[in-house]
Amino acid sequence: MKNIVREPQQERSIEKKNKIIQAGYELFTEVGYYGTNTVEIAKRAGVSTGIVYGYFTDKRDILICVLKIYIENVSAPLIEIMQSMQGNFEIVNLTHKILDKTIELHEQYAKLHNTLHSLAAADEAVNAEFIKLENDITIQMSEQLKGLGVKVDNITEKVHLAMNIIQSFAHEYVFDNHAYIDYSQMKEIVCKIIIALFSQ
Numbered sequence: 322m323k324n325i326v327r328e329p330q331q332e333r334s335i336e337k338k339n340k341i342i343q344a345g346y347e348l349f350t351e352v353g354y355y356g357t358n359t360v361e362i363a364k365r366a367g368v369s370t371g372i373v374y375g376y377f378t379d380k381r382d383i384l385i386c387v388l389k390i391y392i393e394n395v396s397a398p399l400i401e402i403m404q405s406m407q408g409n410f411e412i413v414n415l416t417h418k419i420l421d422k423t424i425e426l427h428e429q430y431a432k433l434h435n436t437l438h439s440l441a442a443a444d445e446a447v448n449a450e451f452i453k454l455e456n457d458i459t460i461q462m463s464e465q466l467k468g469l470g471v472k473v474d475n476i477t478e479k480v481h482l483a484m485n486i487i488q489s490f491a492h493e494y495v496f497d498n499h500a501y502i503d504y505s506q507m508k509e510i511v512c513k514i515i516i517a518l519f520s521q
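Residue numbering for the sequence shown is 322 to 521, as defined by the working numbering.
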């Protein structure tokens with residue numbers, strides 16, 4: 322029988338729930354999802370296991386909250402870069418900024434990134450959140466570029482493709498580290514491909 326979870330109303334209860342989410346965030350980052358249990362989350366949060374089950378159905382319930390925080394953390398800086406672009410906007414400058422920030426975010430959240438992405442293939446809710454992230458960034462950046470006066474055919478498709486190329490390179494740069502690849506050269510190639518997409 323499932324436990325009945327409640328949505329906290331009082332400030333103290335909200336604070337406890339947030340501590341549990343933060344504890345989950347830290348432990349999933351440190352030892353992974355499968356290496357963490359609710360007893361450890363409760364201990365890290367400074368609450369009883371019963372309190373954890375008062376706010377969450379199970380560990381996966383905490384995971385979904387952690388995932389939403391992660392997505393906000395990795396998407397907000399990219400949107401901020403787009404919103405900071407003004408009238409003298411140049412696609413070359415934007416491309417380098419977005420690429421550098423994406424690499425930085427992959428480095429900053431490397432362990433949690435691996436934990437969450439490894440779950441996406443088997444968990445529909447996790448995968449749906451990542452698809453939504455892709456959709457939101459593609460749509461927001463497409464609209465922002467239009468607002469900056471970028472006039473190219475199929476702008477949404479090109480933004481989606483550009484973000485996939487950037488994500489792929491950041492993953493390669495941070496996680497794969499092939500000895501035979503000159504990453505400074507690959508980075509320049511990636512930038513040239515993306516700039517070409519929006520220069521037609």
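Among the hints, erroneous ones may be present.
Keeping only pairs whose Cα atoms sit at most 25 Å apart, straight-line, the calculated SDA-like set for lysine to any residue is [said to hold, decoys possible]:
| hint | residue 1 | residue 2 |
| --- | --- | --- |
| 1 | Lys389 | Leu469 |
| 2 | Lys380 | Ile400 |
| 3 | Lys337 | Val368 |
| 4 | Lys467 | Phe410 |
Hints in this document: simulated from the structure, not taken from any laboratory.
Verification of the hints:
1. Lys389 / Leu469: violated, 29 Å
2. Lys380 / Ile400: Distance of about 30 Å is beyond 25 Å: violated.
3. Lys337 / Val368: Judged against 25 Å, a Cα distance of about 8 Å means the pair holds.
4. Lys467 / Phe410: holds, 12 Å
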